[in-house]
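The listed protein sequences derive, respectively, from chains G and Z.
FYI, our numbering numbers position 460 of the first sequence as 460, with every residue one higher than the one before it.
FYI, our numbering numbers position 105 of the second sequence as 1105, with every residue one higher than the one before it.
Watch out, some of these pointers could steer you wrong.
If you want the ones that stay clear, here's a sample from chain Z, every Cβ over 12 Å from chain G, calculated [as the list claims (entries may be wrong)]:
{"no.": "1", "residue": "A1020"}
{"no.": "2", "residue": "L1086"}
{"no.": "3", "residue": "R1087"}
{"no.": "4", "residue": "Y1121"}
Derived pair list, reagent style DMTMM-like, types lysine to aspartate or glutamate, alpha-carbon separation capped at 25 Å [said to hold, decoys possible]:
{"no.": "5", "chain 1": "Z", "residue 1": "K1111", "chain 2": "G", "residue 2": "E426"}
{"no.": "6", "chain 1": "G", "residue 1": "K417", "chain 2": "Z", "residue 2": "D1039"}
{"no.": "7", "chain 1": "G", "residue 1": "K122", "chain 2": "Z", "residue 2": "D1108"}
{"no.": "8", "chain 1": "Z", "residue 1": "K1111", "chain 2": "G", "residue 2": "E119"}
{"no.": "9", "chain 1": "G", "residue 1": "K42", "chain 2": "Z", "residue 2": "E1123"}
{"no.": "10", "chain 1": "Z", "residue 1": "K1045", "chain 2": "G", "residue 2": "E186"}
{"no.": "11", "chain 1": "G", "residue 1": "K253", "chain 2": "Z", "residue 2": "E1089"}
{"no.": "12", "chain 1": "Z", "residue 1": "K1091", "chain 2": "G", "residue 2": "E275"}
{"no.": "13", "chain 1": "Z", "residue 1": "K1091", "chain 2": "G", "residue 2": "E251"}
{"no.": "14", "chain 1": "Z", "residue 1": "K1098", "chain 2": "G", "residue 2": "E186"}
{"no.": "15", "chain 1": "Z", "residue 1": "K1090", "chain 2": "G", "residue 2": "D245"}
{"no.": "16", "chain 1": "G", "residue 1": "K428", "chain 2": "Z", "residue 2": "D1039"}
{"no.": "17", "chain 1": "G", "residue 1": "K279", "chain 2": "G", "residue 2": "D78"}
{"no.": "18", "chain 1": "Z", "residue 1": "K1109", "chain 2": "G", "residue 2": "E119"}
{"no.": "19", "chain 1": "Z", "residue 1": "K1098", "chain 2": "G", "residue 2": "E251"}
{"no.": "20", "chain 1": "Z", "residue 1": "K1056", "chain 2": "G", "residue 2": "E251"}
{"no.": "21", "chain 1": "G", "residue 1": "K173", "chain 2": "G", "residue 2": "D78"}
{"no.": "22", "chain 1": "G", "residue 1": "K253", "chain 2": "Z", "residue 2": "D1057"}
{"no.": "23", "chain 1": "G", "residue 1": "K42", "chain 2": "Z", "residue 2": "E1125"}
{"no.": "24", "chain 1": "Z", "residue 1": "K1076", "chain 2": "G", "residue 2": "E186"}
{"no.": "25", "chain 1": "Z", "residue 1": "K1042", "chain 2": "G", "residue 2": "E414"}
{"no.": "26", "chain 1": "Z", "residue 1": "K1111", "chain 2": "G", "residue 2": "E275"}
{"no.": "27", "chain 1": "Z", "residue 1": "K1090", "chain 2": "G", "residue 2": "D385"}
{"no.": "28", "chain 1": "Z", "residue 1": "K1105", "chain 2": "G", "residue 2": "E186"}
{"no.": "29", "chain 1": "Z", "residue 1": "K1102", "chain 2": "G", "residue 2": "E12"}
{"no.": "30", "chain 1": "G", "residue 1": "K336", "chain 2": "G", "residue 2": "D385"}
{"no.": "31", "chain 1": "Z", "residue 1": "K1056", "chain 2": "G", "residue 2": "E213"}
{"no.": "32", "chain 1": "Z", "residue 1": "K1056", "chain 2": "G", "residue 2": "E275"}
{"no.": "33", "chain 1": "Z", "residue 1": "K1046", "chain 2": "G", "residue 2": "E186"}
{"no.": "34", "chain 1": "Z", "residue 1": "K1076", "chain 2": "G", "residue 2": "E426"}
{"no.": "35", "chain 1": "G", "residue 1": "K455", "chain 2": "G", "residue 2": "D385"}
{"no.": "36", "chain 1": "G", "residue 1": "K253", "chain 2": "Z", "residue 2": "D1039"}
{"no.": "37", "chain 1": "Z", "residue 1": "K1056", "chain 2": "G", "residue 2": "D245"}
{"no.": "38", "chain 1": "G", "residue 1": "K330", "chain 2": "G", "residue 2": "E12"}
Derived from the structure by calculation, the hints contain no laboratory data.
Even glycine gets a Cβ: it sits at the ideal position worked out from N, Cα and C.
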Amino acid sequence: MELKRINDHTWEIPKEGDMKVPALIYTSAKLLESVRRDMTLKQAKNVACLRGIQRKSYVMPDAHQGYGFPIGGVAAFDMDDGIISPGGVGYDINCGVRLLRTNYTERDIHERRAQLLAEMFKAVPAGVGKGGITRLSRNVLLEVCVKGAEWAVENNYGTREDLQRTEEGGRMKAADPSYLSPRAVERGIPQLGTLGAGNHFLEIQKVSEIYDEQVSRVFGIQSVGQVLVMIHCGSRGLGHQVASDYIRLMENKFGTRGLPDRELINAPIRSQLGEQYYKSMSAAVNYAFANRQMIAHWVRDVFSKVMGSSKGMSQVYDVCHNVAKFEKHKIDGKDKEVCIHRKGATRSFGPGREEIPEVYRSVGQPVIIPGSMGTASYILVGTSDAEELSFGSTAHGAGRVMSRHEALRRFRGEQIKQEMESRGIELKFTSWRGVAEEASGAYKDVDEVVKVSHKAGLGKLVAKVVPVGVMKG
Amino acid sequence: MERYRFLRHTADAKFQAFGATLEEAFINAALATASLMWDWEKIEKKIEYRIEVSGKDLMQLLSSFLEEIIYLLDSKMFLLGFPENLRIEKKGGLHVLKALFKGDKYSDKYKIHGDVKAITYNEMEIEQSVHFMVQVVVDV
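Using the sequences provided together with the hints, build the complete structure.
Here you go:
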């Protein structure tokens, strides 16, 4: 495969064979090494072959091999001739990140870090097989899928201000849960308000560096040492089931012949099945928004209880990492609505876009990029350039370089806990094995990932945060 | 013959399961999937679920079959110990699988060490030479 270097942070796979457009990879010489070792580039090429694809098949700096689409893949499709693909969104629909600010500094909470973490562990159900605190009826679950975070706020989980500071206002209007399978609903009922497992986490962090003081102030991040809380989770079994269901329905309807990878199965956006998938996916997106809204509420409760107050714990933002949506972008100089797929990528809109909350419209949206366990995370700001470069998208995390099995062989949970504690980081978890699997050594260097995003102009650095307490599902 | 073996994969879990028959390979694929979440050998066989799935080809059948494990975990908190009486037949244009899942409801006596979010078609293979081999990547 030909790989052409454009500049220090951009490589291109020129159009060849069945590719309808070139593929563009935002990376560095260092990150490219691991990207080349797995299927990422082949998958980016496959995406470039899909019907109705616009401009280019984009690959973000944290990319690694996925199914069908690479993780860290961004692609937009023509609304009339294009397709929508469950594999272009991923199984964990609206896996995403929410960030809360606080008025506390690391010094304020230092003595009570362990207590904060222990209380969070009690308040937020985590791990596999753990049901939620709430027992929902089927009808309530369907309402959650329609209203998303709005449902949570109406039921006293958080404030209306939280909704304004959530992508899509915490509710995708296209959602129609009547297209969910009974199984998706059944899996969703016991799991609302749970963190889940795998790479999902809840983290107490402190600001360690501020790169852009003006923008960080707009985001509510004022000083080094300030305490923040990050919540990373998604739509749980309900979202996974939606993906599996529609992959099967599309296979049965359209067949799998001619697909280079069965996970690339798709439907025309305007077809009945395409529309049903979009409405079901939106329902799962809303479920995930409600999920994070509830968890954020419990986090505030814990701060009230342990620290005496949760005053000033407003939401910085909540972003989706796995989603498809209809957005307007400039294509060949003209505004055009497209169906954009972000699979393991963060929207990164710059100043002026009407989709972003008024408070941020003059600077651009906050982009939240979590690192791996025990490492730094970053707050970036979206740029206008990104719209031209990547349909307004950037990276979503560190990105794995090593399988969980390999991580289990190489790392010991006990050792990781000790090593984190020696750096002043408290750790609470449900499984030692989970800790070893998520070892930071199994991930790409998040510092390098955000550097590429910054240099390429996909999203600009605002602040760096480091963990003080980590809760893992 | 070993039941299953895990292979390298960047982000997820990839395994091969073996059997003298297709049925046996499917059973071992179910055990490999369960092994990512709990120690199936330690699950008491107190509860049973009769399952029936179909697929228009063997890959779809395999993916539907393995999905039952996750579905029963999420919706019934059921931990699979062993899939018994597994049979695969061809009916009309469909492959149909029936089995009896034996296991127990999750409680504190069991330890869960991982999550499987979904079964994928990525790099899925079903091969027959001397024995049967099925290869699966699951999203974890």
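To see whether the hints hold, each was checked on the structure:
1. A1020: Consistent with the label, A1020/Z stays out of reach of chain G, its closest Cβ about 26 Å off (over 12 Å).
2. L1086: 21 Å, holds
3. R1087: Holds, since 22 Å exceeds 12 Å.
4. Y1121: For Y1121/Z, whose nearest Cβ neighbour in chain G is about 4 Å away, the distance does not exceed 12 Å, so it is violated.
5. K1111/Z - E426/G: Given that 25 Å is the threshold and the Cα spacing comes to 23 Å, the pair holds.
6. K417/G - D1039/Z: 24 Å, holds
7. K122/G - D1108/Z: This hinted pair holds, its Cα atoms lying about 16 Å apart.
8. K1111/Z - E119/G: Distance ~22 Å between K1111/Z and E119/G Cα, so the pair holds.
9. K42/G - E1123/Z: The given pair, whose Cα atoms are some 13 Å apart, holds under the 25 Å limit.
10. K1045/Z - E186/G: At roughly 24 Å apart (the allowed maximum being 25 Å), E186/G and K1045/Z satisfy the hint.
11. K253/G - E1089/Z: Roughly 23 Å between the alpha carbons, so the hint for K253/G and E1089/Z holds.
12. K1091/Z - E275/G: 32 Å, violated
13. K1091/Z - E251/G: 19 Å, holds
14. K1098/Z - E186/G: Satisfied, since the Cα-Cα distance of roughly 22 Å is no more than 25 Å.
15. K1090/Z - D245/G: 22 Å, holds
16. K428/G - D1039/Z: Between K428/G and D1039/Z the Cα gap is close to 22 Å, so the pair holds against 25 Å.
17. K279/G - D78/G: 18 Å, holds
18. K1109/Z - E119/G: At roughly 23 Å apart (the allowed maximum being 25 Å), E119/G and K1109/Z satisfy the hint.
19. K1098/Z - E251/G: 22 Å, holds
20. K1056/Z - E251/G: 9 Å, holds
21. K173/G - D78/G: Measuring from Cα to Cα gives roughly 21 Å; hence the hint holds.
22. K253/G - D1057/Z: Distance of about 14 Å is within 25 Å: holds.
23. K42/G - E1125/Z: Given that 25 Å is the threshold and the Cα spacing comes to 19 Å, the pair holds.
24. K1076/Z - E186/G: 9 Å, holds
25. K1042/Z - E414/G: 24 Å, holds
26. K1111/Z - E275/G: Not OK: K1111/Z and E275/G at ~41 Å, beyond 25 Å, violated.
27. K1090/Z - D385/G: Violated, at about 56 Å.
28. K1105/Z - E186/G: Holds, at about 16 Å.
29. K1102/Z - E12/G: 52 Å, violated
30. K336/G - D385/G: The hint holds at about 17 Å.
31. K1056/Z - E213/G: Roughly 58 Å separates the two Cα atoms, so the pair is violated.
32. K1056/Z - E275/G: With Cα atoms ~24 Å apart, K1056/Z and E275/G stay inside 25 Å; holds.
33. K1046/Z - E186/G: 23 Å, holds
34. K1076/Z - E426/G: Status violated; Cα separation ~33 Å.
35. K455/G - D385/G: The given pair, whose Cα atoms are some 12 Å apart, holds under the 25 Å limit.
36. K253/G - D1039/Z: Cα-Cα ~38 Å, so violated.
37. K1056/Z - D245/G: 14 Å, holds
38. K330/G - E12/G: The given pair, whose Cα atoms are some 21 Å apart, holds under the 25 Å limit.
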